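Chemist: We have chain A; now place chain B onto it with these hints.
Here the protein sequences line up with chains A and B, keeping their order.
Position one of the first sequence corresponds to residue 1 (our numbering), numbered consecutively onward.
Position one of the second sequence corresponds to residue 1001 (our numbering), numbered consecutively onward.
Keep in mind that a hint or two might mislead.
To be verified - Each computed BS3-like pair below joins lysine-lysine, with the alpha-carbon atoms no more than 27 Å apart: (1) Lys240/A / Lys118/A; (2) Lys150/A / Lys76/A; (3) Lys1275/B / Lys1086/B; (4) Lys1136/B / Lys139/A; (5) Lys1136/B / Lys269/A; (6) Lys269/A / Lys143/A; (7) Lys1275/B / Lys1227/B; (8) Lys150/A / Lys45/A; (9) Lys1082/B / Lys98/A; (10) Lys1285/B / Lys1251/B; (11) Lys65/A / Lys240/A; (12) Lys65/A / Lys9/A; (13) Lys117/A / Lys1136/B; (14) Lys117/A / Lys1118/B; (15) Lys143/A / Lys235/A; (16) Lys65/A / Lys139/A; (17) Lys98/A / Lys236/A; (18) Lys150/A / Lys117/A; (19) Lys1227/B / Lys1285/B; (20) Lys150/A / Lys1136/B; (21) Lys25/A / Lys43/A; (22) Lys1210/B / Lys1231/B; (23) Lys118/A / Lys1118/B; (24) Lys236/A / Lys65/A; (25) Lys70/A / Lys25/A; (26) Lys1136/B / Lys235/A; (27) Lys76/A / Lys143/A; (28) Lys65/A / Lys43/A; (29) Lys236/A / Lys1136/B; (30) Lys117/A / Lys25/A; (31) Lys1227/B / Lys118/A; (32) Lys70/A / Lys43/A; (33) Lys1285/B / Lys1082/B; (34) Lys143/A / Lys1118/B; (35) Lys143/A / Lys1086/B; (36) Lys240/A / Lys1136/B; (37) Lys43/A / Lys150/A; (38) Lys118/A / Lys150/A.
Don't read these hints as lab results, they were simulated from the structure.
For clarity, every value in this text was computed on a predicted model and none was experimentally measured.
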Amino acid sequence: MSALTLTLKQRPDQRVDMSPLVCQKLADLELIDIAGITLQNGKRKIRVDELFGITGSDTQNIVIKDSFNKLDFIGKELDGGRITVEGDVGAYLGLGMKSGEIQVSGDVGLYAACEMKKGRLIINGNAGDFLGAALPGNKMGMKGGTILVKGNVGERAGDHMRRGNILIEGNAGDYCGSRMTAGTIAVMGQTGRYLGFAMRRGTLLLWSQPQASARFNDCGTHTLAFLPILFASFKKLDSKFANSSAAFNRVQRYAGDMSEMGRGEVLVKIG
Amino acid sequence: MIINGVTIDATFAEAFPMKATRAIITAQNEKWAMISAQAMTGFATSVIACGCEAGIERVLDPSETPDGRPGVSIMIFAMGGKGLAKQLETRAGQCVLTSPTSALFAGIDGGTRIALGKNLRYFGDGFQVAKLIDGKRYWRIPVMDGEFLTEATTGQVEAIGGGNFLVLAESQPQALAACEAAIEEMRKIPNVIMPFPGGVVRSGSKVGSKYAALGASTNDAFCPTLKGMTKTDLSSEIESVMEIVIDGLSKEDINKVMRVGIQAVCDLGAANGIKRISAGNYGGKLGPFHFHLQEIMA
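The following block holds chain A by itself, in its conformation from the complex (with noise of 0.2 Å):
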């Protein structure tokens, strides 16, 4: 059975909201049904086969082709199948996936993989702000699952963040980690202004020394046995980090936000 896929026809002028196009949804529809499947479209709403083009029917296997960056909300609430984007997607991708696997090519938007519970969320291009963060007025960012961003992250990446794992590969921007409560965020770039702001557990596992701050305290080199564990789980991954060379167990450790409750920590590579 050949995977579901949806061929973008024409880049509408308004953003459609894709979160009816995801795999539990579409369980038990034939073809007919999701071609008649009507998404909104900035204030109208318009029919599936008038936006794609509908090959295949393996609707735990869905393929998005030509995406941009106007398709916002695909894998909304993903429970189970797979999902992969060719192209650029919008905003809040994944948001609240609680398993399976989503996949993109190219670029995404604000909230991306926010307040996500479970599964994998793989991006191969670059991500926008609130990258794994709580919804604007809540409290709890990410819960669990993965997310790998081969390229940059904007700011404020695991805002709220409460467990799971953010491996970046590229550089991330400011205020990353800010208010995480747990989980880790391991950035192989570079990293912005603000680095944690007000995190109050959590481990950020950073490759380059980040920018001095007054907030988190110094707390010497340290051999941390939990990190070939950690590296050992990432080994499953087409990544950077699952190379055994990107793998290290010597570390800086800072300890922070001394202003909030200062349970986290800054893990920074040595040699």
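Modeler: Just chain B, lined up with the frame of chain A:
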């Protein structure tokens, strides 16, 4: 049945259901992993007075351990789940947490989950850190040599305790040599422990005693010095009897290890003073698992 001049008695070892768990101790090197494992499995020869039976299952290569360091696999057996959990936690806290460079991991993924480091985390006094990696929760507890890393839980499974056989020999050195040979082979078998000192027990017991306070007492039928004053099970040439007790995860595991052990004893044979192999049973009253020696060696 006679093997290499050794008579295999037409009897059976009687075993009973237990609960078991396994933990993996790692350290900077094998020496310190072993020190910690020996401490954790110390004073755990018999549930009669130790609260549990514990032993070292085997040494693990760094490639087999979760953190890639040298390790030792230990197993603990107890009569009930509550007792097992208490023994595991107490021993982990006093013998592994305290041991330099150690880390502690689950040795059984399935089964009922029981606390391994879940409650030891409070030793961290609020500075402990949880990490959920690949669905497993770990605790990082700050200690004076760095961090003690422990998995939160391990698995508890149904198991069998009390598999055994007796080695009857013409002299004490010959009985011990035979048991040493057996233990060396039996330690190569997974999923079992021989909890007594060096794997061998010289004071096998019977159920009950003339003293009301005691639930078990010396197995006088197999005590060579009592041959003339009790209903003995020993012939005149037997001067020493030693027992090997086995706890294992399944009937198959115990069958296998008993066969390997008895074979090693029989390989020494009558020429080395080994006369008989027997087993401890209580007429079927103690437990539902019966390991018939002649069937095992058939």
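Chemist: Go through the numbered hints given earlier and state which of them the structure violates, listing their numbers in rising order.
Modeler: 3, 8, 9, 16, 31, 35 and 37
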